[in-house]
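First to last, the protein sequences are chains E and P. Quick note on numbering: our numbering labels position 152 of the first sequence as 243, and the sequence is numbered without any gaps. Quick note on numbering: our numbering labels position 319 of the second sequence as 410, and the sequence is numbered without any gaps.
These are computed hints drawn from the structure, not numbers from a lab. Please note: incorrect hints may appear among the correct ones.
Identical copies go unnamed one by one, so any copy, or any two together, can satisfy a pair.
To be verified - Listed next, the in silico SDA-like pairs over lysine to any residue satisfying Cα-Cα at most 20 Å (straight line):
(1) 455 / 302
(2) 292 / 356
(3) 455 / 384
(4) 174 / 475
(5) 286 / 202
(6) 362 / 291
(7) 360 / 122
(8) 360 / 277
(9) 216 / 152
(10) 174 / 93
(11) 174 / 315
2 protein chains.
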Amino acid sequence: MRTEIITIGDELLNGMRVDTNATFLAERLDRIGLPATFISSVGDDIERMAESFHLALSRSEIIITTGGLGPTDDDMTKKGICKVFKRNLIFHEEVLDQLNIRFEKRGLTMPPINQNQALLPQGAKFLDNRFGSALGIVITDRNKLFCSMPGVPREMREMTDAELIPLLKQRVGNLVSIRRVLRTSGAMESVLAEKIRPVLKFAEGVSLAYLPSYRGVDLVVKGRGTIAEEVQAGVDILADRIANLLGDVIYTEGEIEPEEVVGNLLREKGKTLAVAESCTGGLLGGMLTNLPGSSDYFLGGVIAYDDNIKRDHLAVPPETIERFGAVSAECAKAMAQGVVRLVGADLGVSITGIAGPGGGTDEKPVGTVFIGLATSDRAVHKKLTLGSDRTINRLKATAGALEMIRQALIGN
Amino acid sequence: MRTEIITIGDELLNGMRVDTNATFLAERLDRIGLPATFISSVGDDIERMAESFHLALSRSEIIITTGGLGPTDDDMTKKGICKVFKRNLIFHEEVLDQLNIRFEKRGLTMPPINQNQALLPQGAKFLDNRFGSALGIVITDRNKLFCSMPGVPREMREMTDAELIPLLKQRVGNLVSIRRVLRTSGAMESVLAEKIRPVLKFAEGVSLAYLPSYRGVDLVVKGRGTIAEEVQAGVDILADRIANLLGDVIYTEGEIEPEEVVGNLLREKGKTLAVAESCTGGLLGGMLTNLPGSSDYFLGGVIAYDDNIKRDHLAVPPETIERFGAVSAECAKAMAQGVVRLVGADLGVSITGIAGPGGGTDEKPVGTVFIGLATSDRAVHKKLTLGSDRTINRLKATAGALEMIRQALIGN
Numbered sequence: 092m093r094t095e096i097i098t099i100g101d102e103l104l105n106g107m108r109v110d111t112n113a114t115f116l117a118e119r120l121d122r123i124g125l126p127a128t129f130i131s132s133v134g135d136d137i138e139r140m141a142e143s144f145h146l147a148l149s150r151s152e153i154i155i156t157t158g159g160l161g162p163t164d165d166d167m168t169k170k171g172i173c174k175v176f177k178r179n180l181i182f183h184e185e186v187l188d189q190l191n192i193r194f195e196k197r198g199l200t201m202p203p204i205n206q207n208q209a210l211l212p213q214g215a216k217f218l219d220n221r222f223g224s225a226l227g228i229v230i231t232d233r234n235k236l237f238c239s240m241p242g243v244p245r246e247m248r249e250m251t252d253a254e255l256i257p258l259l260k261q262r263v264g265n266l267v268s269i270r271r272v273l274r275t276s277g278a279m280e281s282v283l284a285e286k287i288r289p290v291l292k293f294a295e296g297v298s299l300a301y302l303p304s305y306r307g308v309d310l311v312v313k314g315r316g317t318i319a320e321e322v323q324a325g326v327d328i329l330a331d332r333i334a335n336l337l338g339d340v341i342y343t344e345g346e347i348e349p350e351e352v353v354g355n356l357l358r359e360k361g362k363t364l365a366v367a368e369s370c371t372g373g374l375l376g377g378m379l380t381n382l383p384g385s386s387d388y389f390l391g392g393v394i395a396y397d398d399n400i401k402r403d404h405l406a407v408p409p410e411t412i413e414r415f416g417a418v419s420a421e422c423a424k425a426m427a428q429g430v431v432r433l434v435g436a437d438l439g440v441s442i443t444g445i446a447g448p449g450g451g452t453d454e455k456p457v458g459t460v461f462i463g464l465a466t467s468d469r470a471v472h473k474k475l476t477l478g479s480d481r482t483i484n485r486l487k488a489t490a491g492a493l494e495m496i497r498q499a500l501i502g503n
Numbered sequence: 092m093r094t095e096i097i098t099i100g101d102e103l104l105n106g107m108r109v110d111t112n113a114t115f116l117a118e119r120l121d122r123i124g125l126p127a128t129f130i131s132s133v134g135d136d137i138e139r140m141a142e143s144f145h146l147a148l149s150r151s152e153i154i155i156t157t158g159g160l161g162p163t164d165d166d167m168t169k170k171g172i173c174k175v176f177k178r179n180l181i182f183h184e185e186v187l188d189q190l191n192i193r194f195e196k197r198g199l200t201m202p203p204i205n206q207n208q209a210l211l212p213q214g215a216k217f218l219d220n221r222f223g224s225a226l227g228i229v230i231t232d233r234n235k236l237f238c239s240m241p242g243v244p245r246e247m248r249e250m251t252d253a254e255l256i257p258l259l260k261q262r263v264g265n266l267v268s269i270r271r272v273l274r275t276s277g278a279m280e281s282v283l284a285e286k287i288r289p290v291l292k293f294a295e296g297v298s299l300a301y302l303p304s305y306r307g308v309d310l311v312v313k314g315r316g317t318i319a320e321e322v323q324a325g326v327d328i329l330a331d332r333i334a335n336l337l338g339d340v341i342y343t344e345g346e347i348e349p350e351e352v353v354g355n356l357l358r359e360k361g362k363t364l365a366v367a368e369s370c371t372g373g374l375l376g377g378m379l380t381n382l383p384g385s386s387d388y389f390l391g392g393v394i395a396y397d398d399n400i401k402r403d404h405l406a407v408p409p410e411t412i413e414r415f416g417a418v419s420a421e422c423a424k425a426m427a428q429g430v431v432r433l434v435g436a437d438l439g440v441s442i443t444g445i446a447g448p449g450g451g452t453d454e455k456p457v458g459t460v461f462i463g464l465a466t467s468d469r470a471v472h473k474k475l476t477l478g479s480d481r482t483i484n485r486l487k488a489t490a491g492a493l494e495m496i497r498q499a500l501i502g503n
């Protein structure tokens, strides 16, 4: 069975928007064992859209489109559908009523243009839109399933999970798709591959993919088949063996981000955290507070970009900076200790480094980063030797800091 | 002339990677007047790849692919090219020599597998890869141009700008494409559209696109034609009129980010800045320090996530928090003043708000954010009323703070 995704909108074809809708849908389809065979994008042009729809119908059984369902002139997906399936647009009184209620609830009067959204292709079924006014459209024709969803990511995502996936699961029948994601930090892809090679013989019918990012390498173990227990067992054999081999290099299983892993550990252990950031300028604090409820364990800290702030507020001894430099193990430790004392946190973490592109020396080239970790009575450090890209160096520094906190919390 | 982009890789089809390569290429192609007619993605599968290549050659004159040029088994783009164009892979001694030199320079021995990269399709021309070992491949066949580039974004981007775009420009002939981007902050798309409508009559042969994001709405004025002066004049007439109409709502022209606009203004005026962040937890400092050289004007600040830090380190009077709450105009102003005093900056900016999803009340619902701005002798504030999404609220709060700093620096 071939599944195909078509994303619609001029903003994709002229490079003004990254197509995150296709990625989201592809991930959801892969998860239920209907991986996309093709993904394509087409502009707000009725002829080209029809050309794309015809092509997709000629080669795939399931076609999912996003975008072009809004009320304005450049939203042409419904016209494209009518053209390709030779159907008319029919006015749906009950849809208009629902639209009016939606606007009223928000204390608004519906603009006349939105009446268009009650015009829908003949013989279609609809998918509910919890966050917006454009319904999803489902057409079944000669055993093909054609489904159009809005392009607003929030609306499309909710509709996919609540409406589309259950619908598609009926078509998949008894095909089962299972994945386990082991997330690692601090080890290179090639090193992991070398370690894992001996257990790959246990991977019959199961695939392993490496997915590197600045946060580390995710290992994705996937299996597919018709008997759920067998697929699960196959995935588990390989995933468990890899987990045993790699041990603490794996910081979590599943799709939890490192800041959440650290947050959960802090909450569990009833500890509080503060940060002292130099080259990352607040990035780590920004990540930690991305999670609702982070005030349970995160107190705040100091952005010590300027060396005066390191001295005056984090109480880093001037001699330390003079003798070892602001980018040094000694300074990192003093910064972490300083923020622990200043805000009274159980744990303090610091980052100081040369993010680049300027500021490097022979002894401390661009990419040299020191991370400090302190409690009220102890301080340790870790040195990272990163590359030349400022943005990536800063992100890797935050990942290194989170990993250092995690290792401390699990007792290493 | 139809231009088509094909991105190759299983990671795109299973939703593990967002396809930023397609977006980058689409933007570059649009810029030189060769906008993409279709964009599609295909997995690491020789049959499907050949199917995609045949289709593209049947409907487009220029085909650009990315991905699948690495040395390992799952890199199959060269095989796909050979299949579709009926060519053989030829061993290139001089390419192998270059590869060896590249590895030697980095003090490495070339792994044997990389020898594959000296095998290249017969009759192809090559594009230099400054950052990696896979050359770009260009095939010209029956007046079609087929070009394959590596999928590593850094390598692909450099190759596009240095090699591909100059090559394509030769084919475009005298077609000129000009765009001006006016970036606005603090006004809704519908409000801008209403204001701009009267001058749209001057837009003959020129298009205007609205591109909203959390940072505001970008207005993209584009023109295309054969006489450069005429196209430029057409674009300028519309862009200048819009600029006059909107005034200070436009924070910059071009592709500079708000933190750079603010940074340039601070540098110009010789002023320093410090931040006091509550609900954004360091996000604003993280953005400001994303720019190399930001230490010229950015000193650092305090992440006052916990109210004790607002009191103890930013010297916000306890009565202020008791009487008005930590999310209030009074607290925002006191935080901004506190950080100015603490670190001795010329300007202090603060953010305090209810990012959500929890913590809202009837009086101060989720999305209520106060921004404070202070010098040593004055403090002002701005209130934002945002939505329910924590991530977007935090980003919009940073955008609001940057805009407030900018307005202050230009004297409003």
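Each hint tested on the structure:
Taking the shortest alpha-carbon separations for residue 455 and residue 302, neither the intra-copy value of 30 Å nor the inter-copy value of 42 Å comes in at or below 20 Å. With identical chains, the CA atoms of residue 292 and residue 356 are never at most 20 Å apart, being 35 Å at best within one copy and 61 Å at best between copies. When the C-alpha separation of residue 455 and residue 384 is checked against a cutoff of 20 Å, the pair qualifies only between copies, where the shortest distance is 18 Å, while the shortest distance within a copy is 38 Å. Proximity of residue 174 to residue 475 under the C-alpha cut-off of 20 Å is found in neither arrangement, the shortest distances being 59 Å within a copy and 45 Å between copies.
For the homomeric pair residue 286 and residue 202, the shortest alpha-carbon distance between copies (18 Å) is at most 20 Å, but the shortest distance inside one copy (62 Å) is not. When the C-alpha separation of residue 362 and residue 291 is checked against a cutoff of 20 Å, the pair qualifies neither within a copy, at 40 Å, nor between copies, at 59 Å. With identical chains, the CA atoms of residue 360 and residue 122 are never at most 20 Å apart, being 34 Å at best within one copy and 54 Å at best between copies. In this assembly of identical chains, residue 360 and residue 277 lie within 20 Å of each other by CA distance neither inside one copy nor across copies; the values are 24 Å within and 43 Å between.
Only within a single protomer do residue 216 and residue 152 lie at most 20 Å apart by alpha-carbon distance; the minimum there is 17 Å, versus 39 Å between protomers. Taking the closest pair of Cα atoms, residue 174 and residue 93 never come within 20 Å of each other, the shortest separation being 23 Å inside a single copy and 23 Å across copies. Taking the shortest Cα distances, residue 174 and residue 315 never come within 20 Å of each other, neither inside one copy (37 Å) nor across copies (30 Å).
Taken one by one, the earlier hints fail for this structure at numbers 1, 2, 4, 6, 7, 8, 10 and 11, listed in ascending order.
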